[in-house]
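K.L.:
Read off the chains here:
2 protein chains.
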Amino acid sequence: MNTLEQFSLTYKQKVESELKEAIQSLETPESLKESMLYSINAGGKRIRPLLMLSVIDTFSENADRGLKAAAALEMIHTYSLIHDDLPSMDDDDLRRGMPTNHKVYGEAVAILAGDALLTKSFELIADSHVEDLSKIRLISMLAKAAGAEGMVGGQIADIEGENKPLTLEALEDVHRKKTGRLLEFAAAAGGLISGLDDEKLNQLRAFAEHIGLAFQIRDDILDVEGEESEIGKPVGSDEGRQKSTYPAILGMKEAKEKLEYHLHQARVILTSLHPDPQILLDLTNLIGNRKN
Amino acid sequence: MNTLEQFSLTYKQKVESELKEAIQSLETPESLKESMLYSINAGGKRIRPLLMLSVIDTFSENADRGLKAAAALEMIHTYSLIHDDLPSMDDDDLRRGMPTNHKVYGEAVAILAGDALLTKSFELIADSHVEDLSKIRLISMLAKAAGAEGMVGGQIADIEGENKPLTLEALEDVHRKKTGRLLEFAAAAGGLISGLDDEKLNQLRAFAEHIGLAFQIRDDILDVEGEESEIGKPVGSDEGRQKSTYPAILGMKEAKEKLEYHLHQARVILTSLHPDPQILLDLTNLIGNRKN
Numbered sequence: 001m002n003t004l005e006q007f008s009l010t011y012k013q014k015v016e017s018e019l020k021e022a023i024q025s026l027e028t029p030e031s032l033k034e035s036m037l038y039s040i041n042a043g044g045k046r047i048r049p050l051l052m053l054s055v056i057d058t059f060s061e062n063a064d065r066g067l068k069a070a071a072a073l074e075m076i077h078t079y080s081l082i083h084d085d086l087p088s089m090d091d092d093d094l095r096r097g098m099p100t101n102h103k104v105y106g107e108a109v110a111i112l113a114g115d116a117l118l119t120k121s122f123e124l125i126a127d128s129h130v131e132d133l134s135k136i137r138l139i140s141m142l143a144k145a146a147g148a149e150g151m152v153g154g155q156i157a158d159i160e161g162e163n164k165p166l167t168l169e170a171l172e173d174v175h176r177k178k179t180g181r182l183l184e185f186a187a188a189a190g191g192l193i194s195g196l197d198d199e200k201l202n203q204l205r206a207f208a209e210h211i212g213l214a215f216q217i218r219d220d221i222l223d224v225e226g227e228e229s230e231i232g233k234p235v236g237s238d239e240g241r242q243k244s245t246y247p248a249i250l251g252m253k254e255a256k257e258k259l260e261y262h263l264h265q266a267r268v269i270l271t272s273l274h275p276d277p278q279i280l281l282d283l284t285n286l287i288g289n290r291k292n
Numbered sequence: 001m002n003t004l005e006q007f008s009l010t011y012k013q014k015v016e017s018e019l020k021e022a023i024q025s026l027e028t029p030e031s032l033k034e035s036m037l038y039s040i041n042a043g044g045k046r047i048r049p050l051l052m053l054s055v056i057d058t059f060s061e062n063a064d065r066g067l068k069a070a071a072a073l074e075m076i077h078t079y080s081l082i083h084d085d086l087p088s089m090d091d092d093d094l095r096r097g098m099p100t101n102h103k104v105y106g107e108a109v110a111i112l113a114g115d116a117l118l119t120k121s122f123e124l125i126a127d128s129h130v131e132d133l134s135k136i137r138l139i140s141m142l143a144k145a146a147g148a149e150g151m152v153g154g155q156i157a158d159i160e161g162e163n164k165p166l167t168l169e170a171l172e173d174v175h176r177k178k179t180g181r182l183l184e185f186a187a188a189a190g191g192l193i194s195g196l197d198d199e200k201l202n203q204l205r206a207f208a209e210h211i212g213l214a215f216q217i218r219d220d221i222l223d224v225e226g227e228e229s230e231i232g233k234p235v236g237s238d239e240g241r242q243k244s245t246y247p248a249i250l251g252m253k254e255a256k257e258k259l260e261y262h263l264h265q266a267r268v269i270l271t272s273l274h275p276d277p278q279i280l281l282d283l284t285n286l287i288g289n290r291k292n
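Taken in order, these protein sequences are the chains called A and B. Each residue of the first sequence is one higher than the last, beginning at 1 in this note's numbering. Each residue of the second sequence is one higher than the last, beginning at 1 in this note's numbering.
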C-alpha cells in the first residue's frame, strides 16, 4: 500500500467490521446492543485506529495483527463521546449531525452502553492476536491513557476549566490528557505490536503528542472559520460557551503558526524514525488541513 | 488461619490498603481522586475480594498473590454502585447510610469516577503478581463478567423489568447477571490463581452462583423483615418501588426454603472440591444468616 487514501479505504472498513462483529455477537439485551451499535456506527474518521494501524504498516507491514487492539481503542473513544455528551457533562443533543446516544436511548442506557464499550475494549485486547507480553503491556498502557491519569482526568480538568479563562499551559494540559493520551497510545501500541524498542515507542508518543495538539488547534480554528455543514455542529459554538481556545488565547495568526509548528515537529520525528513514512506523513498533513 | 473471622480481619484491611494506595498514587485532579476514594472508603463487606482470597487461601494458601486482582474486583463493584445510584438509574440519595457519590460530587464527577475505577481495575490486574497467561485470562474473564454479557447486561434487564411483575426465571436471570457474574468471577479467579484446572473452575463458578442467589434471596427477605438501622436503607423500599422479589413471587416460606436449598448446594460443591474448606463454609453460612 502506498498512500493513506488506499490504506484508509481498506482499514477503516476492516476496523468497522471488527467493531460490529464484536458487538453483534454479544449475548445481551437488544436495547443495550442497539445503543452500543448506534454510536459505533455513527461514523467518524477513525483517526485513532488508523494511526495505530498506519504505524504497524510502516514499521512491520502486517497491520491486520493490530485490528482487535485498534477496534478496542475506537470503543474507548466511542464510550468517551457517549459519556461526554450526557446532560450532566457537555449536554449535547447532536453529534456528527445525529441525535446523541442519550437522546435516542435515554440516559440510563447511554451510561451503560458506555460502560459496556469500555469494558469490552479490554476483553478485545486480551483475546487479540499479539503475543502475551505485548497484550499485558497494551492493556496497562491503554488503561493509563484512558483512565484517571489520562482521558478521564482530562475530562475533569475540562469541566473544571469551563466558564473561566485558561492559560495556554492549562489549555494544553487539558488537550494532552483528554485527547492526546489516546493518540499517544495509538502510536505507541502500533510500535509495540511492531516490536520497536522503548526509545522508539517514546518517539512515537512525542510524534502523536504533536499531531494531537495540531488536531486540537485545527479544531479550534475550524470552529471559528469552518462551514457548519462540514463540521457538523454550529460554527462559533465554543465562543458561545466561553470555552478557552487557541485563537481566543493566542489570536488567529499565532494559533495558525502554532499549528504549523506542531505539524513540522511531527514530520521531523517521523523522518528520523523511518526512511519512508509516507502514510504517517499523509496522516499528519490530513490533520493539519482537515475541513471537519 | 482457621476461621473466616480471622481471615477477614487480616484481608479486609489488606484489600482496603491496596485500594487506597492505587487511588492515592494517581496523578489526577483532586476532585476526581476524592470522589473515587469517597466510594471506595464507604465501607461495605468486601464480599467479592474476600471470596476470591478465601478460595486462594483454601486451595493454595498464599492469598497475598491475589491482592491486586481482589482490589480490581472491588473497584468494579464500587464503580457499578456509583453508576447504579445515579438519578437516571436507581436515583438513590443514600448508600450504606451515607450520601451517594453524585449527591456529594455532582453527577459529572460521579460518572467519571466510576469510569476511572472501571478502567483502573484492568490496569491493576495487568500490573499484578500472577503469571502472564493467568493475567490475560483474568482480564478476559473479568471483562465478560462485568460487561454487556454480565453485570451491565443485568443492570439493563433490571431497569427494563422495573414496575412490572417478573417471573421467577426473569428475576433469577437479572440476579445471575447483575450480581452473580462478579461472584462467579471472584471464585473462578481465586481458582485460576491457585492453578486449578478448568473443571474445578467451573465447579467454583457453580458454588458462587448458589451463594450469589442465596445472597439475593437473603437481601429480599431482609428488606421485608430486617431492621432499618442495620440494613442502611428503609425497610420495605423494594415494595415501595414495586420491585419483583423472591418473597413477592414465592411467598416468604418458600423464599426461605429456596435460600436453604442454595446454601446446601453450595456446601455440597465445596466439600466435593476440598477436604477442609472451612473458611468458604463460614462464608456460605455468613451469607445465609447476614443481618445487613
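A portion of the hints provided could be inaccurate.
[Stated by the list, open to error] Pairs of lysine-lysine, BS3-like flavour, derived with a Cα cap of 27 Å:
id, chain 1, residue 1, chain 2, residue 2
1, B, Lys164, A, Lys33
2, A, Lys33, A, Lys14
3, A, Lys164, B, Lys164
4, B, Lys253, A, Lys164
5, A, Lys20, A, Lys33
6, A, Lys256, A, Lys45
Read the hints as simulated data drawn from the structure, not as lab findings. Since the structure is predicted, the reported quantities are computational estimates derived from the model, not experimental observations.
K.L.:
Which hint numbers doesn't this structure obey?
P.N.:
The structure breaks hints 3 and 4; every other hint is satisfied.
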